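Read off the chains here:
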Amino acid sequence: MSRGRSRRRVGGLVVRYGLLLIVAAVFVVPLLVMFVGSVKPDRDVLTESTSLKAFWPTQIENNYADAIATSQFGRLLANSLIVSGSVVLLGTFVNSMAGYALAWVPFKGRRLLLGVVVALVIVPFQAVAIPLLLIVSNLQIVDSYLVQILPFIASPFFIFLFYSFFLGLPRELFEASRIDGAGVVRAYISIALPLIKPAIATSAILSFLASWGGLLWPVMVTRSVDVRPVTVGLSQVAGFLPTQWGDIMAMSVAISLPILVVFLIFQPAFIRSIASSGLKG
Amino acid sequence: MTSAEATQTPGAGRQSNEGAIFLIAPAVVLLVAFLIIPFLLAIGLSLTSQRLVSPLPLRFVGLENYARTLSDPAFWQALSNNVSFALVVPTTQTVLGLGLALMVNQPLRGITIFRTIYFLPVVMVLAVVSVLWRLLFAQGGMINAGIGAVAGGSFEVNWLHDPALAFPAVMIMSIWQNVGFQMILLLAGLQAIPADLYEAARVDGANGRQLFRHITLPGVRNTLIFVMTISVVTSFLLFDQPYVMTGGGPAGATQTLMLLMTQVGFVEQRIGQASAIAVIFFVIVLGVALISRRFGPRMSEAN
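Protein sequences, first through last, are from chains G and B.
Taking the numbering used here, the leading residue of the first sequence gets 1, the next gets one more, and so forth.
Taking the numbering used here, the leading residue of the second sequence gets 1001, the next gets one more, and so forth.
Don't read these hints as lab results, they were simulated from the structure.
For clarity, every value in this text was computed on a predicted model and none was experimentally measured.
There may be inaccurate statements among the hints.
Listed next, the stretches of chain G that the computed footprint assigns to chain B, with coverage defined by at least 3 CB atoms under 8 Å from CB atoms of chain B [claimed, not checked]:
no.: 1; region: 53 to 64
no.: 2; region: 70 to 81
no.: 3; region: 104 to 111
no.: 4; region: 245 to 258
All C-beta atoms in this analysis are idealised placements derived from N, C-alpha and C, irrespective of residue type, glycine included.
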């Protein structure tokens, strides 16, 4: 009797894990194809993808060196890193400062401003991209780092995120600093900033992902390899015929690896951050 | 809000005001320059003949750009693609996401590894996922081979060059990429359901299906509405996948509002016309957001 039950339990476990593993394969196999393909010769990537050879390179080719040599991929990576790094760094300060002021510093028109920020959350960047293209063209700042950074620093969503987070902190902290005679700016730096690390992590993760993966805006405002980000470079190389699958997979790995590594290290923060947004669809 | 108002003491004088201006000015300047002005400009430009570079003088054309957009077959093809995406992808994603959430909510050893794996594509860059799936969907590629193996014959279709299959291919790839997002939110919803509800129902003799219908589903109802809303809104932002996988082709089969907008505004440099598309796009997004607010909770209440 008890042996039958335990055998049934083991059977149930096998079914459960089996199902979990099959579903896991659906998510992992494409990524494996990408990693293995990045060291295969161009023609093997597609022809070998229909057999178990998809997961093992029969011949090794260094597509990374190839992508760096022919597409200046190193430059593209540096460009993306500069743009995304600037957006994250400047955005953290600008948005948290605004959120702090909205939450804790009394000033005229604060409620109105808060209302405007909340209303602006609904406006997607895509809705303003075309007029913005006209503006930056007239200002002659297209094809620069600046044009890729400036529009994405201030974000109503992140301002509101910081605002909500600050409201959750005990009021006494900020009142005490006011009695001390510390200026609001000093209170922001010495008291507020150290307390909002989780909110900073969320905004940093989300704005990095959005900036690093951004495609629509850089397609319109970058022309030269000097400022072009990896996403535009990848989509250009992907358009060449015959398709250089090896190079494409190598570029894909190089674009994904930094995010995947950071994700695997800071998983809980990552998942919490993305769950708090509607990042992609 | 209330606690913030409470700090507004009469004594807080000019010093605070100056500090506040210093703190808030950068955000205000940037939001005005890169969001508010362009937004108002979109409405204004949509009524003009504005081009990106043009020797011709600017003309006020009234609603001509809207009339032209609404009589353009490419616009209707784009809109109908976005709408069918919004009908198919969020629903499928949410159903599959709930299934995955139930799977990874089992009290099994190592279950967090599976959660991580199912979530992996969500953090990937869309352009990368798109080139990857171009490889999988290629003729002689893995997906055709897989279908052939299951069906027990050889299967060969050209997914991304077949007008009937290209957009479904974009949908399949998008579902794969983002289903982990739905899963994580629904998992949080599942875990918020009190365990004693299940206990009590089991004591009353409820079976698994009844538990699911009368406890699980009502328990995650708000989360379901929330994730559906988000993915319906993002359905109208669809750009990266068709841009990289198909370029909107074949024969406009994967055209979307955002592809059309960049085509008209950037490639053809017709800013006025593209602004009209942007305004129509914004009205749609706003409409979806307002409708969904009537049905369910907002973000803050969902979890």
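For each hint, the structure was consulted:
By the rule of at least three residues with a Cβ nearer than 8 Å to a Cβ of chain B, the coverage given for the region 53 to 64 of chain G is violated, with 1 such residues. Counting residues of the region 70 to 81 of chain G whose beta carbon lies closer than 8 Å to any beta carbon of chain B gives 0, which falls short of the minimum of three for the stated coverage. Under the rule that three or more residues need a Cβ within less than 8 Å of chain B, the assignment of the region 104 to 111 of chain G holds, with 6 such residues. Counting residues of the region 245 to 258 of chain G whose CB falls under 8 Å from any CB of chain B gives 6; the rule of at least 3 is met.
Checked against the numbered hints given earlier, this structure breaks hints 1 and 2; the rest are met.
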